[in-house]
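Residue numbers (my numbering), protein chains in the order written: chain F, 1 to 123; chain L, 1001 to 1105.
Since the hints were derived computationally from the structure, they do not count as laboratory data.
Virtual Cβ for every residue (Gly too), placed ideally from N, Cα, C.
Treat the hints with care, since some could be wrong.
Computed footprint of chain F on chain L, listed as stretches where at least three residues anywhere in the stretch have a Cβ under 8 Å from a Cβ of chain F [what the hints assert, rightly or not]: (1) 1020-1030; (2) 1047-1058; (3) 1086-1093; (4) 1096-1105.
If you anchor each label on the Cβ, the simulated ranges turn out as follows [to be verified]: (5) L:Ser1026 <-> F:Thr87: 37 to 45 Å; (6) F:Arg65 <-> L:Thr1005: 31 to 39 Å; (7) L:Ser1077 <-> F:Ser84: 42 to 50 Å.
One letter stands for each residue in the lines below.
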Amino acid sequence: QVQLVQSGAEVKKPGASVKVSCKASGYSFTSHDINWVRQATGQGLEWMGWMNPTIGNTGYAQKFRGRVTMTRDTSISTAYMELSRLTSDDTAVYYCTRVGGSSWPSAEYLQHWGQGSLVTVSS
Amino acid sequence: DIQMTQAPSSLSASVGDRVTITCRASQPISTYLNWYQQKPGKAPNLLIYAASSLQSGVPSRFSGSGSETDFTLTISSLQPDDFATYYCQQSYNSRTFGQGTKLEI
């Protein structure tokens, strides 16, 4: 079955960067887009961007452009999300999530989710 | 960016009630609209895709409708397991989530 296993919790200082990993299994890693979504404590879901693992092209939400980078290592079926210039507002659980399929409508929804990675930004 | 506005933000209901949550898009999005359920400490779970298609394994008491700018999620008869937070999400242009609707007992 599809599994997305994320890296563990991180504590970072303001101004630092964080890189969260997402290891995929149970399917062909390059066949479906990976998205990243975050959720601050007690707050709603916030979409950050997507990546096509086949060729590595990406699309980022306007809010995060210039600060987020999504990459992958196909040899180990792992996606990464790096966020730089962290502030306390970036304290959140970060989820990687895979779309349902490669064509309409399954390419539009987020079906498989990692367990989440808590990133805490504190001085 | 397309903004998604859900109403209400929170809702109190009882087991057996019929509940409707609305989601409005800031511009037409055809049926590029999905609904998710999230319970505390868990990742979201897909309920409805393409505005009205029920995801496999989701109970039939959940249904979705709408197109373009106005959408609804209906739970026909609330069960104890349904008390959670619900989010709509558009994928017409990038992706955006609504702010969520917390369904409480």
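Checked hints:
no. : hint                              : result
1   : 1020-1030                         : violated (count 0)
2   : 1047-1058                         : holds (count 4)
3   : 1086-1093                         : holds (count 3)
4   : 1096-1105                         : holds (count 5)
5   : L:Ser1026 <-> F:Thr87: 37 to 45 Å : violated (27 Å)
6   : F:Arg65 <-> L:Thr1005: 31 to 39 Å : violated (23 Å)
7   : L:Ser1077 <-> F:Ser84: 42 to 50 Å : holds (48 Å)
Taken one by one, the earlier hints fail for this structure at numbers 1, 5 and 6, listed in ascending order.
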